[in-house]
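Enquirer: Residue-level listing of the chains:
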Amino acid sequence: MSEKMNFFERLQALDRRWIYLVVLLAIMVPLVIPFNSKTYVTEPSENVYKKIDSFTGRTDRAILMCFSHDASTMAELFPMEVAILRHCFERKIQVLTICFMPQAKPLMDYAINTAKEDYNVQSGIDYLNLGYKPYGLFLPIMLGMGDDIAKAVETDDQGRKVDNLPIMKELSNYNELNLVIDFAASAAVYSWIIYARARFGANVAAGITAVMAADNYPYLQTGQLTGMLSGLKGAAEYEKMVDVFAMHKDEYGNPDPREFSKEVIKNTWIKMSDIKERRYKTARIGMNAQTVAHIMIIFFIIIGNIGYFVTRAKKKVTAE
Amino acid sequence: MTFEFISNTVAAFLTLCIFSFLYKDNPFYKFAESLFVGVSMGYAIPLVYENAFIPFVYRPIFVEHNFLIIIPSIMGALYIFRFTRNLSWLSRYPIVFGMAIVGMGVPMSMHGSVLVQMRSAMLPLDNLNTILIFIGTVTILMYFFFSKEHRGLYGKITNIGVWFMMIGFGASFGYTVMARISLLIGRIQFLLDDWLGIMR
Amino acid sequence: MKRQIPLIIVIGLGFVFVAHTFIPAKISVDFYEWWQTWSKAISPFAVVLGVMSLFMVHSTKITRKVSNWQYSAVTLGSLAITSLIGFVWGTQEGTPFMWLFKNIQMPMGATMFSLLAFHIASAAYKAFRARSLEATVLLLAACIVMLGQVPLGSQISKWIPETSQWILNVPNLAAKRAIALGVGLGMTATSLKILLGIERTYLGGGD
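Residue numbers (the numbering used here), protein chains in the order written: chain E, 26 to 345; chain F, 261 to 460; chain U, 1041 to 1247.
What the hints contain is simulated information worked out from the structure, not anything from laboratory work. All of these numbers come straight from a predicted model, not from anything done at the bench. Built from N, CA and C at the ideal position, the CB exists for glycine as well.
Beta-carbon label-pair distances, calculated as ranges:
hint, chain 1, residue 1, chain 2, residue 2, range
1, U, 1242, F, 314, 25 to 31 angstroms
2, U, 1206, E, 281, 34 to 40 angstroms
3, E, 303, F, 280, 24 to 30 angstroms
4, U, 1110, E, 189, 50 to 56 angstroms
5, E, 173, F, 314, 20 to 26 angstroms
6, E, 184, U, 1103, 36 to 42 angstroms
7, F, 326, U, 1246, 31 to 37 angstroms
Residues of chain E clear of chain U, computed beta-carbon distances all greater than 10 angstroms:
hint, residue
8, 32
9, 54
10, 84
11, 146
12, 148
13, 149
14, 269
15, 278
16, 285
17, 287
18, 288
19, 342
20, 344
In isolation and in its complexed conformation, chain E is listed as follows:
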């Protein structure tokens, strides 16, 4: 019992609070001392961008953003919501927002207010916040919108009758509301797939927490999901695509939006210092800390395993 512990045994018995301290430092340092890094854009994210961008300037098309999460997963989902809204406001893409959780309502308002700061957009004309509806109405409204959006939701967040609003002039059901993006930390997106997609052929995309991302690949392959943004990385990818394409400027600094191109996105580096507003690069800055944290976790797994195998080998020798 009194035998002195060797280095590896001490490693095995390390108090968890030291590990917590390392985690804290691994995240804090890259945030305080930022560095530039390249964001690799994946196909599921590209597909979301391309689908939304195809509605540019059209009054007979709109996207619906459904906020199905609370503040607990805001760090992952909020940057992607802001990036998509910014894309819509920049490219004059009509956007409707709705939520079925009371806790999601302020996040939805916050995302809209954050994104519209630089744009002269008006509720009911360029975008429409349908507000919070009780969860019991999730299925009735989702299915009702397949027939008539205005009848299904009735009023917006300001209590106005939806069918009188200019934005609704050419929008009646999922034929026009041609993409639904559900931002969720739950299985809410499957309801859209099972009901709205199967019954009305609605295009559904997911903006989800990374925890659920791996489970959705079968739905991407079948086309039940048009695209997917996975966690903070998905948000960073979308932020980059908006900067590279929607926000592109010509040589004189005038807005010159361009079509999505795989080659361009692959070869483009963006210096974080070139983007003045912090709200447009939150996810990409976060990904720097994510890099260090992932290396740390891999390092922990390796060190933990070395300690385990050395200790096990020693125990075997002692037993013999």
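Once you've looked at the hints, dock chains F and U against the given chain E.
Expert: The following block gives chains F and U in isolation, referenced to the frame of chain E:
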């Protein structure tokens, strides 16, 4: 000292109260946890009143005079009997009225979750990836067939399924790590940037 | 009768819903609209259940003065104050109600879940062991996906994000599809059991 700074300080104090649990359980954490539960529930009540009771109950009955809505309103009010001993059966009515949509769930979930997935699992096996997906799906489904003992050739086949599942779980684990770290990054960004303003 | 009538409602309306799914006739659309309007009127009352449940648990703790009952008082007090503020000043942006949400509920909700980052790091160090070949494969796949997700992965080699995507698109897809098929069949079977009156747990206890 601006109002925004005071607000952020309140939020930061409560954030630190929760983080204090990492050291050990303590009264600050317990206080924050209780406050969180109370505020969350208290928050939902006026919101439901404004966004559901007014437009779907009050306005149809008292403004539009659609008195038929009184019936579902009474049905909804039966929820309150859930916690009584003798009348709890009354609360079954609002529950079953919503539950009926399960009739639509049968064909829809069969279509969305089973048939479409099966169709995509039956694509022509014209490249290595589709062959691998096919083998993986079939061997895992065989693994979950417990009416036959997993021994001999059958055991070897189901073992292939286990390997596929391990890779799948590994991918999920990798993503889970990313998700958890992201949430912490969000909080640290709040403390360092919104509260202390030391991020460049 | 206390159980039978609700059961008849579920089965009866349930089968009408099955018909509604396949028949696009006007009567079917009218039925759905009627059901939708009534559901909307029922929906606000569900919140009462949550409030009553919370109130009963915590008020019992306070009246019996069980250990740490003071925290139950904090819960009920904050519930009452938040609601009251919402009713008095409204729930729009810029009201005290929203201030409470943004500076109390939101930061605490986010922080609760962020604690998991510490726990997962601790588990990575203390529990994730390559005890068998299968566990080693799991850890390897996890490490490749972790590296593939971050910018450093693509800077080390373009193969890392590409391998990560391949893992997700091929073996992971096969695994998750098989699981999804099982879940889908399970969901259909459960729905069918409710529809046929075999599954009745949602009715609760009692006669």
